[in-house]
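J.: Kindly produce the complete structure, drawing on both the sequences and the hints.
Protein chains in written order, with the numbering used here: chain A, 2 to 347; chain B, 2 to 347.
Please note that a few of the clues may not be correct.
As the list makes no split between identical chains, a pair holds if one copy fits it or if it spans any two.
Think about it this way: if two alpha-carbon atoms lie no more than 20 Å apart in a straight line, the pair counts; the simulated EDC-like pairs of lysine to aspartate or glutamate are [claimed, not checked]:
{"#": "1", "residue 1": "LYS183", "residue 2": "GLU200"}
{"#": "2", "residue 1": "LYS218", "residue 2": "GLU121"}
{"#": "3", "residue 1": "LYS62", "residue 2": "ASP140"}
{"#": "4", "residue 1": "LYS240", "residue 2": "GLU220"}
{"#": "5", "residue 1": "LYS201", "residue 2": "ASP140"}
Source of the hints: derived by calculation from the structure; they are not laboratory data.
2 protein chains.
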Amino acid sequence: MKRALLSVLTLGLILTFGGLATAQTADSLPSWNDGKAKQAILEFVAKVTTEGSPDFVPPAKRIATFDNDGTLWPENPMPFQLIFALDELKRRVPSEPKLAADPMAQAALAGDLATLLKGEHFDGLLRVIALTHAGKTTDEFRSTVEAWLASARHPKYGKPYNQVIYQPMLELLGYLRANGFKTFIVSGGGADFMRVWAEKAYGIPPEQVVGSTARTKFELRDSGPVLVKTRDYLFVDDKAGKPVGIHQFIGRRPIAAFGNSDGDHAMLQYTTINNPHRSFGLILHHTDDEREYAYDAKPKSSGKLVNALKEAPQRGWTVVSMKDDWKVVFPFEKREDKTGDPGRRE
Amino acid sequence: MKRALLSVLTLGLILTFGGLATAQTADSLPSWNDGKAKQAILEFVAKVTTEGSPDFVPPAKRIATFDNDGTLWPENPMPFQLIFALDELKRRVPSEPKLAADPMAQAALAGDLATLLKGEHFDGLLRVIALTHAGKTTDEFRSTVEAWLASARHPKYGKPYNQVIYQPMLELLGYLRANGFKTFIVSGGGADFMRVWAEKAYGIPPEQVVGSTARTKFELRDSGPVLVKTRDYLFVDDKAGKPVGIHQFIGRRPIAAFGNSDGDHAMLQYTTINNPHRSFGLILHHTDDEREYAYDAKPKSSGKLVNALKEAPQRGWTVVSMKDDWKVVFPFEKREDKTGDPGRRE
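T.: Rendered as structure tokens:
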């Protein structure tokens, strides 16, 4: 009984501290509406960063993992890396008959999504991505992505793709880092693709980007050492592959995970079920058909969100409704935002 | 001509600054004798950290990679992870007939090194390691390594293996970190094995340990989520695999690399040849048969150092002679050290 009383008192103290911390840091997330989701984030961070609290987690263990497509930037009208791959295909097919002859390249150019989306990991898509990526050195690939980012524009927003990123998530990344968290991307997207722009866009350095990879091959050429991209040993950092990628690249369990689809389900489970530390799971629910896209309940969408959403109440995962929880979606909206507070960028 | 004059002046300035910085920081490496190797380290660090200098490298790009076996700790009488695997084999064989029947397990128990060392990457050894590691969850594996470290002792020094680490290299790691470098292990050893003790021993967190890996498998058990170690998709982070591992896990080229054998040759090339930044390569030459082991010229040693050593002068790699350049080899020697300065530990 004494023990129970102590627990209640401790809980009271935590809630009090949580409340205080919330009051002090509420302006770290200016693009978030006040509501359950924002409150849950602030309370979690207050708990794990309050020294002496039973929920305190030392900074070295404050690992936070973020999915990218649909969590840090949109995945519509289709995942941006696929748009890049299709643009590459169109650019190269006229001069590369071998590439043009590939059935998946043909399906892609014909817009035959049904063929491309077959298989557990959308095998046709992966093949198109592999076809357009392999054979290049990592430096050549980087230049290709940079050139694409400089010229391509998102069809809905008219902006370069690396500017079509979620302002509230930028604030969240900065807020976590200001509280001693190390922020990682853990995404089904290609690591080499994301590393080109993730540091500038999100403040996440290449060594904290976990993504799908194939093995490279080392060559010492006359011009110097290069790594040539291959299609061998493909690792798909999606679904059950996400905990695998986290272990392989980070080597410890996160205490916070952020996703938006069933592709993030295993990562949320790995992060929050029986974690010896207090942990946090968050799902971004795409509910805003006006400012963004409402698509995640569609069973054939690559960003399908069904099972993880169903499990959320049982696991205590926070569900963010883009429509209700976000004041602003994109950085380029901010000029029209009446609050006048641009929020922190890192 | 004007340009050449400017270059000479710039060089003069750099040397001056280098000299100044050296004077200020010489006590960061108290276990290193004054000599060419120590001087080269201090000068390199001074150059890349001096703002306004043409050699300045911003902190985010100060990536330093260290081999482990033979570079941060010894690899004699044989690599420590192999000693662990053999101890595991001996412990488990009596109760596991399947394990006992494996030809490589039998070769290992019989001490038949010739069989174990066949193949480019010592395939027999790898199989013994895989046999004793696979099937365990990552948590079980961690506990096994911890139990071994608590009980096993190095035959020459009588200390737990995670205390048989090089004092001068600990100082070097701390010195680089104090100068804004991010220090990584890039080793042929297993990532899961090294991550158990590397943070405490070297101050290198799990997410900065790149090593050999096989893929794990995610399972959600009644007890919670686990990752089961398998033997699939083995990646050997050695020789040409080191640049591959660096790219896959870190995603940018190091500006400094530290190794001791031909297994580090490709990493040294990748780091120093045509690097757009000023770069640094260092080879630890095992020349001290008294305090440690002198073995690296032996062609059949797993720590063979022939080709990289031959290339060192051409590439400007710094060669450290353990016998001549190190005042002290191990932390546990320090009490007898007359300088009285314990050096920095991080």
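J.: For each hint, tell me whether it holds in the structure or not.
T.: Cross-check of the supplied hints:
Taking the shortest alpha-carbon separations for LYS183 and GLU200, both the intra-copy value of 13 Å and the inter-copy value of 16 Å come in at or below 20 Å. In this homomeric assembly, LYS218 and GLU121 come within 20 Å of each other (Cα to Cα) only across copies, at 17 Å, whereas the closest approach inside a single copy is 27 Å. Taking the closest pair of Cα atoms, LYS62 and ASP140 come within 20 Å of each other only across two copies (16 Å); inside a single copy the shortest separation is 33 Å, beyond that limit. Only between protomers do LYS240 and GLU220 lie at most 20 Å apart by alpha-carbon distance; the minimum there is 12 Å, versus 33 Å within a single protomer.
Taking CA atoms no more than 20 Å apart as the test, LYS201 paired with ASP140 passes inside one copy only; the shortest distance there is 18 Å, against 36 Å between copies.
Every hint, counting from the list given before, is met by this structure.
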